[in-house]
Amino acid sequence: MKYIFINIWRVMQRELKMMFARPLYLFASVGVMLLSTFFFLTLMQGGSAEKMPVAVVDLDQTSISRRLIHEMQATPSVDIQLITNSYPEAREAMQQGKIYGIFVIPECFYDELVSFKRPKMDFYVTNAYTVGGNTAYKQMLTMVNLTSGAFQREVLRKKGLPDDVIMHRIQPLAIEGHMVANPWGNYSVYLVSTILPGILGLICLMLTIFAIGFELKMRTSHAWLKAAGGNYTVAMIGKLIPYTLIYIILGIGCHIILYRFAGFPVYGSHTRLMFGLLLFIFAMEALGITLIGLLPTLRDALSIGALYSMLGFSLSGFTYPQMAMLPPVKALSYLEPLRHYYLIYVNEALMAAPVENSIPHMLALTGFMLASLFVAPRLYDALVYQNYPLK
Amino acid sequence: MKVESLKILSAFVNELRRIFRDPGVMVIFIVATLAYPLIYKALYWNEQITNVPVAVVDLSNSPQSREFLHQWNATPDIRLTHTCVSMKEAEQLLRDQKVHGIIYFPRDFAKQLADPLGQARISLYCDMSSFLYMKAIYLSCNQVMLESMRNIQIDRYEQMGMDKEFAWALVQDAPYTETALFTPTGGYGSFLIPAVLVLILHQTLFFGICMLGGTAREEGLDQYSIRSLIGRSIAYFLIYYALAAILLGFFPRLFGIPHIGAIGDILLLMIPYILAVVFFSLCVSVFIRNRESGLVILISTSLIFLFMAGISWPKEMIPDEWRYLSFFIPYTWGAHGFIHINSMGATLWQTRMEYFALWGLTVGYFAIACILFYIKNIRKNDGTTDRIPSPTGNGTLQTGL
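Protein chains in written order, with the working numbering: chain R, 1 to 391; chain X, 392 to 792.
Check before you lean on any hint, since a few could be wrong.
Claimed, not checked - Derived pair list, reagent style EDC-like, types lysine to aspartate or glutamate, alpha-carbon separation capped at 20 Å:
hint : chain 1 : residue 1 : chain 2 : residue 2
1    : X       : K479      : R       : E92
2    : R       : K51       : X       : D468
3    : X       : K706      : R       : E356
4    : X       : K502      : X       : D546
5    : X       : K706      : R       : E92
6    : R       : K51       : X       : E707
7    : R       : K330      : X       : D487
8    : X       : K526      : X       : E610
9    : R       : K330      : X       : E438
10   : R       : K98       : X       : E707
11   : R       : K138      : X       : E538
12   : R       : K138      : X       : E707
13   : R       : K120      : X       : D711
14   : X       : K489      : R       : E356
15   : R       : K138      : X       : D468
To be verified - Not close to chain R: a few residues of chain X, all C-beta gaps over 10 Å, as computed:
hint : residue
16   : G415
17   : L645
18   : L763
The set of hints was computed from the structure by calculation and includes no laboratory data. Glycine included, every Cβ here is placed at the ideal spot set by N, Cα and C.
Excised from the complex, chain X in its bound form:
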């Protein structure tokens, strides 16, 4: 037993040595992991989209339309930059991307408002090249409209002979307050960066393990004993647990990303998360023959993992087949768990589903890794391994010039 643990220890030390002596792995493990969050924070620095330029086509040219525009321009979301005499002119501006929206008042706008039975119409054209333009333009315009609509309604009810007090009560009968919970600024960065942080841990660790596995195979140093599986896992786990603590514990506090959860709960959630990613990656790395092959997996899976987890595209909208598949990816549970605790202040107990799912994946992938390593070990001892010769020993393609 003592010998066994010594062997595990030696596999652990050996793997640490390989990691720290391999500049490529160090770049991925340390530099990319720490640089990427900073880059993303810089990218999404301004949380809100403000002052989206909008063109005005006001054919009614009435005090009412001017009042409306005045109120709308006062909202932070948009800025009325151009006044056009025709739709044609405004469309030209939209086409040239000088504005991202057009507001159009028809000629009979004021007349319809004055008519107690009339309905005045405003047309709003939104640039759909980014969803956030539409959100800024449409929601702010809607707000101004609801506000001015109340005044018109009161006027109309008064004309009908109701007293003002009653008319006011009638249009305001169900006032409401709206509260955005958890991330007060409601910005894009506050929402995306927590999900990206968890993804960075997943993908750099995944890629790094594949790279180390591929290198070992190229050099003929691959070890498939269970001892080496455990020793290597401990090495990856220790490095990444520290990185997870920095990225998920301190980074949000340092850079003003929402962090209302208990740091202890986050650290507890990260134990099964990092372990699940380690064993998941070790399973995949068995099939990697070259140092660089893992890269293909990295570039093809990053966006798919992000979308499949149901973060930027709500999980309720994802077809069941993809949804079930996503349950086998540690990222899905890690990201939701982290967002629930960190951004929404849930406790670990409230996040138990994600937490236990991650332990489930840890046990499952550990078992699969053991089986894969066992099979590989037998094959290797048979001498039927299919590894390619080391590059320096391959002189056949080398010709002098």
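Isolated chain R, as found in the complex:
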């Protein structure tokens, strides 16, 4: 028993030496994580896209259309970048990515308005940029309502009604929107909360593959096993402890930055959310062992690992919901640890759900760890016989 601990210590010492001899390890873990955290938190400081540049095409060119444009410009949620009397000009601006929507005031606007006819407004939004286009769409609706509301108000005022009465006549029905657990509609909350742990998981996976695969590539696996007294388990534990400590620190740091300093909401249990993150880290490390065990060539395992974990960002369903995916893709999404972490995050941070809701996903993450045990014989053989290509 005593020898086991001594051997683990010996492997750890050897590993630490290798770690500090190559800047790659620390750069890839700490450096990348710091860079990503800094990038994503500063990128989305605003949090939500409120207004996007749009164009107004004024085909009417009368005093009333100009007054309408004036009123729109004075509205804080509208950002008019271009006022023109040519639709092709506005369309070209859109094709050049300068604006996201075009609002057209028709030629006969003034004439129809004064004769109580119904002038028709047209608006166009781009779908080639989703967030920009959606925001422009909301803005366009505001602009239509401005037109419509202003007109009704004028007519009713002429009939001598007080303003508050008018208000309720114009708006007899209202929707109160409640965005559960994210009342500000903050884009960065749901995006960054999954992207950063996802990047950490990616690092765990790739560096685990690298740390083991490098021994195979450099043909140093015998020295590694020798330090471990020939024991595979000791060799693995000793090798992974230093990395795991780094990942745990990064994970906790990430949690503190997101939920303490950046002020992202956690309505449920911090402990369980953090526990979920740690399980996710271990699952990604285990997945790394599984991959290098199945493909004991550094190059192959790294390529497959990169492919697999990059897909996790899409498959986890935090941007494009899982319910919209095709059935086989849906099934595949459960093979991504990030999917399970994301669901734990939804349960704990957003929904404040009872622990039973998160337990299946915690068990699934544990399953990834257990799965790595099955490749042990194959990986051990690879370490002993070194019978795989180098590159």
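The hints should help you fit chain X onto chain R, whose structure is shown.
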């Protein structure tokens, strides 16, 4: 001069040989480049989010609320799956993710509607775990509300003694048509896949060049002459120009991704794009010592490049510092240029800003690569190179078991 071009030719052939003999590079260059778009297309197969399950809490239990729900349920976006007697029950369903939204009618809903001065309120609760849930629920509900609001307004104006014709004109005074331009389905895939295609070209080429550079250095075969720079660039360019033609020219046409641009314009845009990526990658590869080190750069930059370019997060919302930095990444210009031409039908002339920016980056990174290669070449001839010994020659760590 003839000798010089022969040397470039030999560097070119040599690099082609290395690429095709290296299975790892082939996996990245060919397999990943062609497989990734298919995977992403499969992933985002359904363009629209439809039938988002919603729970109903209707305390007013009135014909008006039922009419509203009936109309709402008829929209493709949502499906009313559960009827609950209390908010508590509905919240439970939301927590268990059985529904992604709740609609709540207060007890006085019908009474407020009947009151000519009243304002009836509907509460809508949206699951924020994905933005697209909220979009589906909120926008469709809003549409139904605007529709029923018109009817109520007309009723109220009629009660005030206006004739129906006038009341109708009053509430409809500014009708509008809305048109989504360029991608009629407005789906997530139509928007994201073009941007991802351009990113796949950028990142696989970037990683592949770093990998080849690292391997050459490990094996002590690294060549830093300007001849080799040109010869290698031609090899990468030819392979990736063909891949770009497949990915950006044919793939959208094959798989129903928006493609209203002229294919000739896309191919012209790709010349400076691929060249800029090649020289950008060659500059970075000078600092890569190992075959696998490029991977770190790959995993750390892919998402950052995507977001920094201002595609999924609008460029107007990006802080200036990141925005300026993104100008130096070929992807930023390549992605916007491709989306403008391919998805929005712009001509190359209308996309000239992106096009010339890419040529600018090509010239800039080529100059930097020349300087870096020149410095490396001198150092190498001095014998002060810092490359690590080849793995097979390193017996010190090898011990028998």
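Here's how the hints hold up against the structure:
Between K479/X and E92/R the alpha-carbon distance is near 52 Å, which puts this suggested pair outside the 20 Å criterion. For a cut-off of 20 Å, the pair hint linking K51/R to D468/X is broken: about 24 Å separates their Cα positions. Among the hinted pairs, K706/X with E356/R is inconsistent with the structure: their alpha-carbon atoms are about 41 Å apart, more than 20 Å. Between K502/X and D546/X, the direct Cα distance comes to roughly 15 Å. Compliance with the 20 Å bound is thereby established for this hinted pair.
Using a Cα cut-off of 20 Å, the hinted pair K706/X and E92/R holds, with the two alpha carbons roughly 18 Å apart. As the CA atoms of K51/R and E707/X are separated by approximately 9 Å, the hinted pair is consistent with the 20 Å bound. Distance restraint check for K330/R and D487/X: the Cα-Cα separation of roughly 18 Å lies within the 20 Å cut-off, and the hinted pair is therefore satisfied. For the hint linking K526/X to E610/X, the alpha-carbon distance of about 54 Å lies beyond 20 Å, and the restraint is violated.
Taking the CA atoms of K330/R and E438/X, the gap is near 15 Å; set against the 20 Å cutoff, the hint holds. The hinted pair formed by K98/R and E707/X meets the criterion: a straight-line CA distance of about 9 Å does not exceed 20 Å. For the hint pairing K138/R with E538/X, the CA-to-CA distance comes to about 17 Å; that is within 20 Å, so the pair holds. For the suggested pair K138/R and E707/X, the alpha carbons sit about 17 Å apart, so the restraint of at most 20 Å is met.
Only pairs whose Cα atoms come within 20 Å are accepted, and K120/R paired with D711/X is rejected, the gap being roughly 39 Å. This hinted pair checks out: K489/X and E356/R have alpha carbons roughly 15 Å apart, not beyond 20 Å. Proposed proximity of K138/R and D468/X is supported: the alpha carbons are some 17 Å apart, at most 20 Å. With a least beta-carbon separation of about 4 Å from chain R, G415/X fails to lie farther than 10 Å from that chain, contradicting its non-interface assignment.
No Cβ of chain R approaches the Cβ of L645/X within 10 Å, the least distance being about 18 Å, so the stated non-interface status holds. Separation of L763/X from chain R is adequate, the least Cβ-Cβ distance of about 20 Å exceeding the 10 Å criterion.
Hints 1, 2, 3, 8, 13 and 16 from the earlier list are contradicted by this structure; the remaining hints agree with it.
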